[in-house]
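From just these sequences and the hints, can you work out the full model?
Chains as they are written, first to last, in our numbering: chain A, 1 to 221; chain B, 222 to 431.
Hints were generated in silico from the structure; no laboratory data involved.
Hints should not be assumed to be uniformly reliable.
Said to hold, decoys possible - Output of the computed footprint for chain A on chain B, the stretches with three or more beta carbons under 8 Å from beta carbons of chain A: (1) 263–272; (2) 289–302; (3) 365–377; (4) 382–394.
Said to hold, decoys possible - Partial list, derived from the structure: chain B residues whose beta carbon lies under 8 Å from chain A: (5) 356; (6) 402; (7) 404.
We put the CB at the ideal spot given by N, CA and C, even for glycine.
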Amino acid sequence: MHDDPVALSLPWYVNGTLSDTGRASIARQLRSDPALRNELAFWEQLAASQRQHHTASEDIGLARTLERIRRETREQAPPHSERRGLREHLGRWLGGGERWLRPALACALLVIVVQAGLHHLDRPALAPTMRGAEPTRSVPAPTPLPANSALLRVVFHPSTTEGEIRLLIAEQDGWIVGGPGEGGEYYLAVPMQRVIAATDALRRKSAVRDVAGVDVLPKPR
Amino acid sequence: MDHSAPRHETTSSASADDAERFLLERIAAGDQTAFVALHRAMGRRIHAYAMRLLGDAEQAEEIVSDTMYEVWKHPQRFNGLSRLSTWILAIARHRAIDRLRSPSRLLDTHSAALDDSLPDDDTSAYERIATDQRERGVRNCMDKLSDVHRECLHLVFYEGAPLADVARLQGCPENTVKTRLFHARKNIQNCLRLLLVSEGQFRHRTPSHA
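In structure tokens, the structure reads:
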């Protein structure tokens, strides 16, 4: 029975984490000691047995964790009542005070709206758009589509936040290559071998309104 | 062979760990894609570890989620003194201990299932058992080990953990880890001997159940 330091280090010789010096010393002793070789065979069998044992999917627990993060993101987003409160506050501010101020405020607002409209006509497109509780920026220029990837057009529910969209996309190993468009559509690239699974998985999500495969990315307007 | 077990070569472990640290930095910056990648890298390992500790697939999956959620919430708690995977497995261990009915199980090296083993008076059981029986026998006997010994074997052979990491995770000196493995091997040998006796393939001296 070996209970010397060399024999006690054999498990780490087998798992490959011994230092080079330690390994060399054990290798030397193994050449001249048949009993030690038997012990090595035993540990190797045990190591193989341990590694064979587990067959869980690599995504084990992932959906559950992402759901918790999604819940947390929703809880952190400003509650609906707060948003309404702001509107009410603004309404009260506009409606309150002296009556003679109301026509003046209306005129001022009209001027602002007209100026904003003229400014908008001068520009080809607005970069940021608002989706759900958080701002989502348009992808400025389409990212080139790598080989072995497929393109999906995905329309999310308008209340979906950017955080939720990014999580849904990450779950499918995908990335945004275009969007959001006028209808709230995004263009995602996903690995070719995952395209069917990703399409099915996205279709099952309540945050997703529509998923379709497309061949090309529409040209930016 | 299941390739889900982590790699055991020192250099690839180091580079895998570098990649994991890089992911953690991105997670700290709020990158959810990086989080999914780390979850995929660690999920199966946490599950295997929790299974070894709790023996329940459903609970083990919850441990995976609890652990990774904590990583997402507090990535800054990783102090860089250990490998990232060791830190994550330590979180998983704490979570698993919380769920154990008797947490002291993880301090007890005694296994009731091996009480009937024969005394360690001959070491040749492993050599004498037929090759086809060996794998089955070893697996069977491993299941009968104490939680501490099973955990130790898991960390060394499934995780490929260095001695220092096993000691850190089990919260004991390195020599204790070595002793635990020594006793685990002895217990498995005894259990195999018992198996051979029960199959009439092993002649032994008078058994003593002292």
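- Quick one: see if chain A covers the segment 263–272 of chain B, three-plus residues with Cβ-Cβ under 8 Å. Since 6 is at least three, the answer is holds.
- Checking C-beta pairs, does the segment 382–394 of chain B have three or more residues closer than 8 Å to chain A? holds (count 3)
- Given coverage of the segment 289–302 of chain B by chain A, tested with a Cβ cutoff of 8 Å and a minimum of 3 residues: holds (count 3)
- Restraint outcome when residue 404 of chain B is required to lie within 8 Å of chain A by C-beta distance: violated (10 Å)
- Task: Verify the interface restraint on residue 402 of chain B: the C-beta must sit less than 8 Å from at least one C-beta of chain A.
- Result: holds (5 Å)
- Task: Would you check whether residue 356 of chain B satisfies its interface hint, that is, whether its CB is within less than 8 Å of any CB in chain A?
- Result: holds (6 Å)
- For the segment 365–377 of chain B, do three or more residues have a beta carbon lying closer than 8 Å to a beta carbon of chain A? Satisfied; 3 residues make the cut.
When the structure is compared with the earlier hints, a violation turns up for hint 7 alone.
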